[in-house]
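Given next are the chains, with one letter for each unit.
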Amino acid sequence: AQSVSQHNHHVILSEAASLELGCNYSYGGTVNLFWYVQYPGQHLQLLLKYFSGDPLVKGIKGFEAEFIKSKFSFNLRKPSVQWSDTAEYFCAVNDQNRDDKIIFGKGTRLHILP
Amino acid sequence: DARVTQTPRHKVTEMGQEVTMRCQPILGHNTVFWYRQTMMQGLELLAYFRNRAPLDDSGMPKDRFSAEMPDATLATLKIQPSEPRDSAVYFCASGFQAGLEAFFGQGTRLTVV
Numbered sequence: 010a011q012s013v014s015q016h017n018h019h020v021i022l023s024e025a026a027s028l029e030l031g032c033n034y035s036y037g038g039t040v041n042l043f044w045y046v047q048y049p050g051q052h053l054q055l056l057l058k059y060f061s062g063d064p065l066v067k068g069i070k071g072f073e074a075e076f077i078k079s080k081f082s083f084n085l086r087k088p089s090v091q092w093s094d095t096a097e098y099f100c101a102v103n104d105q106n107r108d109d110k111i112i113f114g115k116g117t118r119l120h121i122l123p
Numbered sequence: 002d003a004r005v006t007q008t009p010r011h012k013v014t015e016m017g018q019e020v021t022m023r024c025q026p027i028l029g030h031n032t033v034f035w036y037r038q039t040m041m042q043g044l045e046l047l048a049y050f051r052n053r054a055p056l057d058d059s060g061m062p063k064d065r066f067s068a069e070m071p072d073a074t075l076a077t078l079k080i081q082p083s084e085p086r087d088s089a090v091y092f093c094a095s096g097f098q099a100g101l102e103a104f105f106g107q108g109t110r111l112t113v114v
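Protein chains in written order, with my numbering: chain A, 10 to 123; chain B, 2 to 114.
Source of the hints: derived by calculation from the structure; they are not laboratory data. Backbone N, C-alpha and C define an ideal beta-carbon position, used for all residues, glycine too. Among the clues, some could well be false.
[What the hints assert, rightly or not] Reference listing, derived: stretches of chain A covered by chain B, where coverage requires no fewer than 3 residues with Cβ under 8 angstroms from a Cβ of chain B:
no., region
1, 21 to 34
2, 66 to 76
[Claimed, not checked] Capping the alpha-carbon separation at 16 angstroms, the derived lysine to aspartate or glutamate pairs in EDC-like fashion look like this:
no., chain 1, residue 1, chain 2, residue 2
3, A, K110, B, E102
4, B, K63, B, E102
5, A, K58, A, E75
6, A, K115, B, E45
[To be verified] Which residues of chain B face chain A? A partial, calculated answer using Cβ under 8 angstroms:
no., residue
7, I27
8, G29
9, F34
10, L46
11, D57
12, D58
13, F66
14, A73
15, T74
16, Q81
17, F97
18, G106
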């Protein structure tokens with residue numbers, strides 16, 4: 010079955026630390042990849058997306074993600090986190106050749122210490 | 002500012018009652034998703050529609066859940082009868098076509114007691 014794995018369920022960092030959140034998917038075909046963020050009590054918002062082209066994608070708020078096809082990975086990074094980055098982060102995948110479903114990982118809760 | 006609108010934002014109901022959640026997708030979007038979010042399961046896809054036709058509802062418990070799109074501006078998710086295990090936040094999202102990003106509503110927080 011199609012699946013998305015986020016390895017870190019809960020991450021705690023201090024301000025200014027570097028961040029990398031892992032995401033792996035199980036699709037074999039051509040995929041669209043997304044990272045969404047959910048701030049406490051709010052809905053999901055798109056951070057960045059990859060459809061094709063440059064595998065290094067830059068998103069809002071200083072986030073970036075790198076698509077490594079050989080590893081089926083799409084890890085999210087930020088060089089220096091801020092307290093306001095405290096949120097839950099979701100990786101999501103859509104298989105272009107199969108259907109229109111967007112499947113989400115279980116999420117990673119990020120807590121930034123001031 | 003285009004957005005997906007969900008009503009109600011909060012719903013508390015007794016076990017056995019019918020619950021109807023509504024979603025107004027962004028005008029012009031032709032794909033609508035329903036997701037359920039819980040602490041244990043994360044975001045689960047319940048059903049989704051393309052041009053008002055249901056494409057996949059395999060994630061939805063068929064005996065009590067139903068999803069419809071009476072018209073292009075309204076999607077509904079019904080639970081009848083509701084059970085305490087249905088307590089969750091239900092999100093609707095819409096998009097324009099396959100593979101493009103989904104825009105999420107604010108969610109309906111359902112509590113079944």
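message = Output the indices of the hints that this structure fails to meet, ascending.
response = 1, 2, 4, 7, 8, 12, 13, 14, 15, 16 and 17
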